[in-house]
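Colleague: Sequence:
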Amino acid sequence: MVWILYKTKLILNIIMRVKNIIGFVAICILFAACANPKDLVYQDVKNFRILNLSLQPDIGMDVKFYNPNSFGVTMKDADIDVYINDKLIGNGRLQRSYSVPAADTFLLPVALKADLKSLFSNTYSILSNRQVNIKLQGHVKAGKGVFVNVPIHYEGKQQLNVIDFK
Numbered sequence: 001m002v003w004i005l006y007k008t009k010l011i012l013n014i015i016m017r018v019k020n021i022i023g024f025v026a027i028c029i030l031f032a033a034c035a036n037p038k039d040l041v042y043q044d045v046k047n048f049r050i051l052n053l054s055l056q057p058d059i060g061m062d063v064k065f066y067n068p069n070s071f072g073v074t075m076k077d078a079d080i081d082v083y084i085n086d087k088l089i090g091n092g093r094l095q096r097s098y099s100v101p102a103a104d105t106f107l108l109p110v111a112l113k114a115d116l117k118s119l120f121s122n123t124y125s126i127l128s129n130r131q132v133n134i135k136l137q138g139h140v141k142a143g144k145g146v147f148v149n150v151p152i153h154y155e156g157k158q159q160l161n162v163i164d165f166k
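The numbering of the sequence shown is this note's numbering, which starts it at 1 and goes up by one.
Some hints here could point you the wrong way.
The list that follows gives simulated cross-link-like pairs (lysine-lysine, DSSO-like), each with its CA atoms no further than 30 angstroms apart [as the list claims (entries may be wrong)]: (1) 87 - 144; (2) 87 - 76; (3) 144 - 38; (4) 157 - 135; (5) 144 - 113; (6) 87 - 38; (7) 38 - 117; (8) 76 - 38; (9) 157 - 113; (10) 46 - 144; (11) 144 - 117; (12) 117 - 87; (13) 76 - 64; (14) 46 - 64; (15) 87 - 157; (16) 46 - 117; (17) 64 - 135.
Bear in mind the hints are in silico, worked out from the structure with no lab data behind them.
Just so we're clear, the structure is a prediction, and the values are computed from it rather than from any experiment.
My request is simple: use the sequences and hints to build the entire structure.
Modeller: Structure representation (structure tokens):
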């Protein structure tokens, strides 16, 4: 009888260890699957257009990005401050949710509520240099099923071909 109790206790102990190992492996797989995704790579701005001309004009543009991740996500509720030559010119927002394809380039339509005063203060610099420093700061909700706020920080030079003086 003692022998049977000993064997039963030994088997239960082994089962508990196997459960712990399986739990540990499951947690490791979960953390590996939820690894931080790579940042989207900014490529260009296309189709720059004025949507509404007023004291605070609405400017539309398609921002070209590359998604280096092996999975697609949905983006929504973006709130991005746009700076040109270190001056805030407006706030960009997404009008609706957008699906981002996996490992591919895509155009993201953005509507920018611009500050006309800031735009005019940058006009000479933009026309004379044909290259501006663009800075984007803000966040966007991204995910698949569960959405999290993803910070957006970009700074770089953008070549402008506004007027050709040739």
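Colleague: Now tell me, hint by hint, if it's right for this structure.
Modeller: Evaluated hints:
Straight-line distance between C-alpha atoms of residue 87 and residue 144 comes to about 34 angstroms, which puts the hinted pair past the 30 angstroms bound. Between residue 87 and residue 76, the direct Cα distance comes to roughly 26 angstroms. Compliance with the 30 angstroms bound is thereby established for this hinted pair. Proposed proximity of residue 144 and residue 38 is supported: the alpha carbons are some 15 angstroms apart, at most 30 angstroms. For the hint linking residue 157 to residue 135, the alpha-carbon distance of about 9 angstroms falls within 30 angstroms, and the restraint holds.
Of the supplied pair hints, the one linking residue 144 and residue 113 holds, its CA atoms being roughly 28 angstroms apart against a limit of 30 angstroms. Between residue 87 and residue 38 the alpha-carbon distance is near 28 angstroms, which keeps this suggested pair within the 30 angstroms criterion. Only pairs whose Cα atoms come within 30 angstroms are accepted, and residue 38 paired with residue 117 is rejected, the gap being roughly 36 angstroms. For the proposed pair residue 76 and residue 38, the alpha carbon gap of about 18 angstroms is at most 30 angstroms, so the pair holds.
For the hint linking residue 157 to residue 113, the alpha-carbon distance of about 21 angstroms falls within 30 angstroms, and the restraint holds. In summary, the hint linking residue 46 to residue 144 is supported, as the alpha carbons are separated by about 27 angstroms, within the 30 angstroms threshold. Among the hinted pairs, residue 144 with residue 117 is inconsistent with the structure: their alpha-carbon atoms are about 39 angstroms apart, more than 30 angstroms. Restraint check for residue 117 and residue 87: the C-alpha separation of about 10 angstroms stays at or below 30 angstroms, so the hint holds.
At roughly 16 angstroms between alpha-carbon atoms, residue 76 and residue 64 fall within 30 angstroms of each other, so this suggested pair holds. For the given pair, residue 46 sits about 7 angstroms from residue 64 by alpha-carbon distance, which is consistent with the 30 angstroms threshold. Straight-line distance between C-alpha atoms of residue 87 and residue 157 comes to about 14 angstroms, which keeps the hinted pair within the 30 angstroms bound. Between residue 46 and residue 117, the direct Cα distance comes to roughly 24 angstroms. Compliance with the 30 angstroms bound is thereby established for this hinted pair.
For the proposed pair residue 64 and residue 135, the alpha carbon gap of about 15 angstroms is at most 30 angstroms, so the pair holds.
The structure does not agree with the numbered hints 1, 7 and 11 stated previously, though it agrees with the rest.
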